[in-house]
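K.L.:
The lines below spell out each chain.
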Amino acid sequence: MSNTAMVEKYRSNFLKEVAENVEEGEWVRMCMQCGVCSGSCPMGPHWEHPPQELFMMIRANKREEVLSSSSMWMCTSCYNCIARCPRELPITHIMHGLAHYAKRLGLAPKENPTNKFSQRFWDNLTKTGRVNELKLGLSLYFMNGFVEGIKTALKMKDVGMGMLKTGRMNPLEILGGHGVKDKSGFQAMLKKAQELEAARVDK
Amino acid sequence: MTEVVATNQTIVVVGGGISGMTAALEAAECGKQVILLEKNPALGGRVSQMYKYFPKMCHPTCGMEINLRRIKANSNIRVMTMAEVTNVSGDTGDYTLNVTVQPRYVNENCTACGACRDAVETEFDNEFNYGLNKRKGAYLTSNMAYPQRYVIDPRMIGTADADKAKAACKYDAVDLDMQAEDLEIKAGSIVWATGWRPFDAAKIQPYGYDRIANVITSVELERMMDPMGPTGGKILRPSDGKEAKDIAFIQCAGSRDRNYLKHCSRICCMASLKQTTYLREKYGDDGKATVYYIDIRAIDRFEDFYQKVQADDNVSFIKSKVASVTEDKATGNPVLNGNNLEQSGMGKDMRYANPHELVVLAVGMEPSVDFNALNVGLSVNEEGFIERDPGNGGMFAAGCAADALDVNRAVQSATASSLRAIQVVNQVAGAEG
Amino acid sequence: MAAVKKIGAYICKGCGLDDRLDCGQLETVATREGKASPCKSHDFLCSQAGVDMIAEDIKSEELTHVVIAACSRRAKTEAFNFETVAISRANLREGVIWVRPDTDEARETTQEMADDYVRMACAEAKFTTQPPGNTEDKTACRHLLVVGGGITGMTAALEAAKAGYAATIVEKSAQLGGVVGQLSKRIATTAPFTELPDNGVAAMAAEIAANDKITVHLNSTVTRTSGAPGRFAADISTESGSTVTENFGAIVQASGFKPYDMGQLSEFNPDNADVVDQMGLEALVKEANGGAIKRPSDGKEIRSVAFIQCAGQRSQKEGHLSYCSGHCCQTSIKQAMYFKQLDSDIDAVVMFTDLRTPGAGGENFYRAGQDSGVTFTKSVASEISAGDSGPKVKFDDLLLNENVEQEFDLVVLATGMVPNSGVDIEAEAAAPAEGEAADSDVVASVPVESILNLDYRQGADVPQLVHGFTDSHFICFPYETRRTGIYTAGPVRRPMDAVQAMDDAAGAAMKAIQAIENANLGRAAHPRSGDLSYPLFRKEGCTQCKRCTVECPFGAINEDEDRYPEFNEERCRRCGTCMGACPVRVISFDNYSIDTVGQALKAVDIPDEFDEKPRTLVLACENDAYPALDMAAMNRVEYSAFTRIIPVRCLGSVNTIWLTDALNSGYDGIILMGCKKGEEYQCHFVKGSEIAHIRMSKIDDTLQQLNLETERVEVYEIAITDVERAPKLINDMAETIEKIGMSPFKF
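Chains as they are written, first to last, in my numbering: chain A, 9 to 211; chain B, 791 to 1223; chain C, 12 to 758.
Rather than coming from a laboratory, the hints here were simulated on the basis of the structure.
Ideal placement from N, C-alpha and C gives every residue a C-beta, glycine not left out.
Wrong hints could be hidden among the right ones.
Unchecked claim - To give an idea of the interface, some chain B residues facing chain A are shown, with a C-beta separation under 7 Å as derived from the structure:
#, residue
1, K1032
2, K1035
3, I1084
4, S1110
5, K1111
6, A1113
7, E1117
8, G1128
9, N1129
10, L1131
11, R1141
Said to hold, decoys possible - Some chain A residues flagged as far from chain B (calculated, every beta-carbon gap over 10 Å):
#, residue
12, A27
13, P53
14, Q60
15, M177
16, V209
To be verified - In silico EDC-like links for lysine to aspartate or glutamate, alpha-carbon gap of 20 Å or less:
#, chain 1, residue 1, chain 2, residue 2
17, C, K328, B, D1094
18, C, K687, B, E1071
19, B, K1032, B, D1118
20, C, K328, C, E206
21, B, K846, B, D1094
22, A, K70, C, D407
23, B, K1072, C, E735
24, B, K1098, C, E690
25, A, K143, A, E156
26, B, K842, C, E735
27, B, K960, C, D54
28, B, K960, C, D30
29, B, K1052, C, D382
30, B, K846, C, E690
31, B, K1098, C, D711
32, A, K17, C, D356
33, C, K196, C, E206
34, C, K550, C, D606
35, C, K16, C, D606
36, B, K924, B, D908
37, B, K842, C, E690
38, C, K624, C, E116
39, B, K1024, C, D606
40, B, K846, C, E491
In isolation and in its complexed conformation, chain A is listed as follows (with noise of 0.2 Å):
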């Protein structure tokens, strides 16, 4: 479903919209504004809304802000906010749910690093089943440009080198590198995936 057909679907319920859409959103109503999620949270001074406060921004049905802040691409999972939380609110789960929910419906903020590489990691891994690291490094070196990624290669040369005489990175990866045995089917598998859970979305 497209953003402008939730909008209509669920008009001003954003937090209903939430609870059907977003994963583990349902757990957002039982959120009691304690505060302690964003209290505990290690990036916290990162963050535009921290969880408690997208949560009160959903019952407020601020969509717009909510969908398209930075604030839950900036979750590390490290789990501090589940662990504190007095009402058991999978916090993390709901942070990476919203995000991922922002980015289908197409909200998600383009500039935000996480998003970023979110975006190059999936089509890295997509191309041939594996993930090449050697190419996803250099897209993130380059992701601002050519100038900024030649100073970052730069900048990480003795890391580079290091992993190259251990072994760690392979040079001929730029070549292609491996792949999954059966890449067709792969791709077969990675498109019924999106079938199904797009199925799933627009029920």
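Since the structure of chain A is already known, use the hints to place chains B and C on it.
P.N.:
Then chains B and C, alone, in the frame of chain A:
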């Protein structure tokens, strides 16, 4: 062997705190035969360890005195201390309790003259003061102790010190050969007034109760305020013995949290509000209190008290469940970390790292007895409190055995349970003509 | 009673008394001055042998009075418990040796102290009588009057009936059930918390109808109540005007509450049909009868609803309620669940500042509300106006820090509880004298109708504590109000929900039953439980000054047709305030009188002015000050050897004649130690300490007449924890006397 006269028209009250004393007295003053069992050496329970009651700021000992006088004046009540129920059999109107009475090693001859206390040297952690100081191995739990009779700590038995206690007593009151006794007591009805215990603060790891010296519990602060308590009525930092004037109160320390106690303990908001006034009492304008809370639950006319505290410029409120407490090693100050929800909002970050001289954890209430383990056929809810259930037969809960209650509500609950017990024994009496 | 008084005195030599005191001399004092015979000492008086010795003497010597000179009257009560005789105790341990240093210099004054306490105990014994209790074979009426047929009253009647006591319910309206009867469902208090139970009224009404111990008067009110515990008489009148008079042993007042008038909340657009209070919503839900809930203005199905908590509550604004009604958070959660359970797509928002759902069940119910999809917003609503599609609420979202306007189909205001406690008798007493007229026709200006219409001298209803609620002021004693045998329960006592009210009803029924049993035996109720004495009144001497009837904190004294005080002993709590009030000293108790104290203080040996041995009299409240001094002694806190302490039932019982007598006898100083007075009073007899303070404010005149310094008499409020302070005040007086010199009145 202790002789106990009891019939199926006797009401047994288990627990000699304020709920149990009330339940026993109300029934006894109605002419009923009551046996009041208390696990500790003296009556009084948790309230006897409190400095003041909210919202009136009066002293619990005052009501204790009245209740003790009522007990002393009433021949219908038999008080048995150091007695614990191990099993209950039978049914409504015809129960048998198995009770174990631990040896006090001091008999009725004791005049509470204190000669044994003066004679012994061994000291133990004072449980009445939550271990904040020591007491002698021969002791009276407090000056309000009833029965006003000394106790020899069982760890003294077999030591030379115990013999000194015996030798010091002119009245042959010290009996070191006393043994535990197992008794069977009949009862028509049983009132469970077993009360509560403070939640074990050490379990709340992020608050560092077991690591940071200047993190204490609300019940410990009550003992510190008592002029006859371990610090002589002063609020002293455990780390350096200095008076603490800037104190943080962390609400819901254990309560409203599925990691610890799922329920709201009801009393902790009021307890902390009360304790903020201790600072004014001690230091006037020099005291400073900060309350970190989720919701301030000051219901009914407690609200008036809350508004009074709110009006005090030296008390501030921060809407935030504190995430963690760390320690500033240089000063010994605990540092509270979290996010102030009311000041933040829509992207405004209000994370704090606030140092305070002392942190008081408003610890929750949990039932002091595990009724499921006791296994006497009581219906117990998820939180461990006894539920109102006809299946409980002639057994009733009073006070904090029934729910997390403040003193006033506990006494009210005890009075109600007393009537329910009377209903049972009156029916027995009616049936027996 | 027995015409011949025979006093035996027993002196204990244990606990170091014999080491510190000359017990032989004490015997001499008791025998020669105290006229005690026999008089014996014992090494260990509280031992079985000692107690047996006394018991033996009581029998063989036919003793009527026993003086025990040993420890404090608070200690060893089990041992010294002789039911047939009057006992007075000389406190030689906590009162003498434990507060004095064990030095040679101190020996003489310490002995004098002990001698005096023995003299005082003997004097008290001489003038006291063991009260007989209820000797007439009158049987108290074992029948409860329950005023109010709501869930509290119904529960009180049912619980009393289960204990074997009859009950009569008087209900103003045409049916039982009260406010709870108008509710669609109740708050769930046990798992599963999403299942809302029925209001339960029908089942209770059926149980009452089937119970032959319970009578119900509907459409009726109590138009007159007279009498006392065990013998109340109440006029029960129907709307049509017929009246029956019935007898009752005790009364439970369960007159409930009315919802706060939302019309006063002009900022919330109360005239808007789609703005209702919680009871208004219950009516809509009942009307819907399981179907869609429709809004009043146009019958549209409600798709969005907001609940505004603390509407007109927890607020200092003029006309608002300052308190929290306690139940409203849970009630709003329940009502939001009504909608959510009909259709989970209905928007239900609760706007709150503090969500108050205390206790184990409360938090579960909050979670159940959230689980049902109710939205909770920490916010303050400031205004409601008419929007395009429904009432528009303006509110501050306190967490997102923004001002929001939102329209709803319906807005529910969680307003508070206003108690139905009848006439505020204290406000009335303070009003112009006309209010005093007993005829209710004359008091037409008072709009409030009385609930009980008591014929008490002190007003038609029970005293109110605060905000109109009739709660007890005592934390430890929630039912100890100021009208013996009348107990209020439910929301008239304190704001509370239905479950609490039902428990409260059982508690009040318990106290009511106990009041009946006490009346039956002539026993006092709390705090002097079991006291069999009662005020004795010598009518011949009475000057009809009315002080006793006005000052009695419990409204126990009426006036008879000849304007003499009429004592209702079953209402009396034995505090002695009447005795303290009486200027002509015609009121006393068998075991506590002008003489028991007056003669004791006069028995003290007052040394010559030049002996440099002043005497300070301390009259200490037995509830707090006396135990505080006892505990000071346990801690070995020393105080002046020139002190003589007499416990009193309450400072209210202190008659100024005692002070005049003491000053005339040559005491150099007097200290009165009572409990805290005023708004946060701690006095166990409510007004006693306050009244004493007022009386004593006039003592300066007496002192000036006698040409004595005003510093010689001090009145203090002492708490039971004043273990250091009380002895210090005594020592301060000793210093003062040293400064201003001895009293010239030593003869």
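K.L.:
Where does the structure disagree with the numbered hints, that is, which hint numbers, in rising order?
P.N.:
1, 2, 7, 13, 14, 20, 31 and 39
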